[in-house]
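Novice: One letter stands for each residue in the lines below.
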Amino acid sequence: MVTGVIVLIAVLGGLVLLVILTGVGIYNSIVSLRNMVDNSWHQIDVQLRKRYDLIPNLVETVKGYAKHERETLENVISARKMGIDAKTVKEQAKAENMITDTLKSLFALSENYPNLKADQHFSKLMEQLNGIESNIAYSRQFYNDMVMKLNTRIQTFPGNIFARIFNFKIRDYFEIEEAAAREPVKVKFE
Amino acid sequence: MYEQIASNRAKTVFIIIGFVIFITAIGFAVGYYIDYRYGINSNYSILLMVFALILAIIMSFSSYYYSDKIVLALTRARPISREENPRVYYAVEGLSIAAGLPMPRIYTIDDDGMNAFATGRNPQNGVMVFTRGLLDNLNDEELKGVVSHELSHIKNYDILLGTIVVILVGMVTIISHIILRSFIFGGGGRKSSKSSGGGILTLIFLVVGIALLILSPIIATLIRLAISRNREFLADSTGALVSRYPAGLANALRKISQHSEVRTASNATAHLFISNPFGSRSKAMLGNLFNTHPPTEERIKRLESMSLGVGVK
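Here the protein sequences come in this chain order: A and B.
In this text, residue positions in the first sequence follow the working numbering: the first is 1, and each later residue adds one.
In this text, residue positions in the second sequence follow the working numbering: the first is 1001, and each later residue adds one.
Honestly, the hints are just simulated from the structure, not real lab data.
On a predicted model such as this, the values are computed, not experimentally measured, just so you know.
The reader is advised that the hints may include incorrect statements.
Here's a subset of chain B near chain A, in silico, CB distances under 7 Å, partners left out [what the hints assert, rightly or not]:
(1) Gly1094
(2) Ile1097
(3) Ala1098
(4) Pro1102
Chain A is nowhere near these chain B residues, computed Cβ spacing over 12 Å in every case [said to hold, decoys possible]:
(5) Gln1004
(6) Ala1006
(7) Arg1009
(8) Ala1029
(9) Val1050
(10) Ile1058
(11) Glu1084
(12) Glu1093
(13) Ser1096
(14) Ala1099
(15) Leu1101
(16) Ile1218
(17) Ser1243
(18) Glu1297
(19) Ser1305
Just so it is clear, CB atoms sit at the ideal spot from N, CA and C, and this is done for glycine as well.
Please put together the full structure from these sequences, using the hints given.
Specialist: Take a look at the structure:
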């Protein structure tokens, strides 16, 4: 009888311990995923900052050859400012898409200025820009992968219970809107 | 992925322990033999065993820290600068961001054959090596396919196991050779003047030595097979997840398999490469069983089923 009680207590104690250990494991995995999301966001930030640093340089160079294209240049600068001021992931994504678009039109504009295109400094900047943009795309891919992992963990059982207790929030994806792709292509013959 | 890393670490520890035991046993055997021949009351067996144990531990530690450098020296790879080849730097930089890894160092082998491998003990010390032929002949998408394949090797610690195996298994093979030779050419002549018991013992050692000589390449091959074939498939598929373009690697593999020979590759380093560095030579000699790499057609087929036919040439 006494041994029976002891065995029962031992089994129950073991079960409780198992539940606690599993809980700790799940909690820790959510925290480490969250940290990975933060870290990968930082990676995007590094790349974005590189682009912010490059833009004034690029604008100055273009200005030297194409003073009259004020609107395009101002668009680039204001988009850059929007990116720097952005607070949330959604704002940031929107601003970055704008920067990409305005830079595209800046690049398209350079087609009209053979002297600009021939400029060594300009072509070097464009090459750097292309490198940074592909790095932005890759860091965005990694960030979104991490967000997907975190969100899946938080939304599925038993992570959802922990998320509710400890107030873990799902994160936003860094989405690209191909705004330029959706607009009709304007072709002008002069 | 995490199971893969844990398993690679466990296997590395297992191989190091096996290596230490093997070297210690050799030390004991040699000491025992010397004891028997030169002095009844001497303690060479214990002395040499302890010496071998210490030596084996030092060798294990140094192969953990320096094996990547040894492998790079063995394959005659040299570092390549960003100015020399910006294209490969852009590809490696971007994809290591996408894989969430630190940027590996980039080396090149001056060889026309198309091949690549990765080495290092962990992602922080990762090294990626491309032959000149590969850098010259692959287009951007194909190069990115190869880079992402190598990045997956780095990410799941295949590089640690693969590189340690090069050094430790290589050393075991060399030591077996030395011992066997010393018994055939060195010990053989003098022992007849000693006691007849020595002759029997020498015979035993000779048999053990021959067994070692025959077994060690087989053991080495089996270890390399165990660590190599499946992980190529695994690295192909995880690599495709990083590059998001399986067809890039599939097309690269098709190109590489035409001319993957690397002159500086040896039996010891063959399993590191993305494609068999002996090219078609080995197929005729050993057949499928002892190939360190799965057939390229099979790898391409799996990648194509991932890509659903998109972009496949």
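Novice: Look at each hint and say if it fits the structure.
Specialist: We went through each hint and held it up to the structure:
no.	hint	verdict
1	Gly1094	holds, 4 Å
2	Ile1097	holds, 4 Å
3	Ala1098	holds, 4 Å
4	Pro1102	violated, 11 Å
5	Gln1004	holds, 16 Å
6	Ala1006	holds, 15 Å
7	Arg1009	holds, 18 Å
8	Ala1029	holds, 47 Å
9	Val1050	holds, 42 Å
10	Ile1058	holds, 36 Å
11	Glu1084	holds, 16 Å
12	Glu1093	violated, 7 Å
13	Ser1096	violated, 8 Å
14	Ala1099	violated, 7 Å
15	Leu1101	violated, 10 Å
16	Ile1218	holds, 42 Å
17	Ser1243	violated, 10 Å
18	Glu1297	holds, 30 Å
19	Ser1305	holds, 22 Å
The structure is inconsistent with the numbered hints 4, 12, 13, 14, 15, 17, although it conforms to all the rest.
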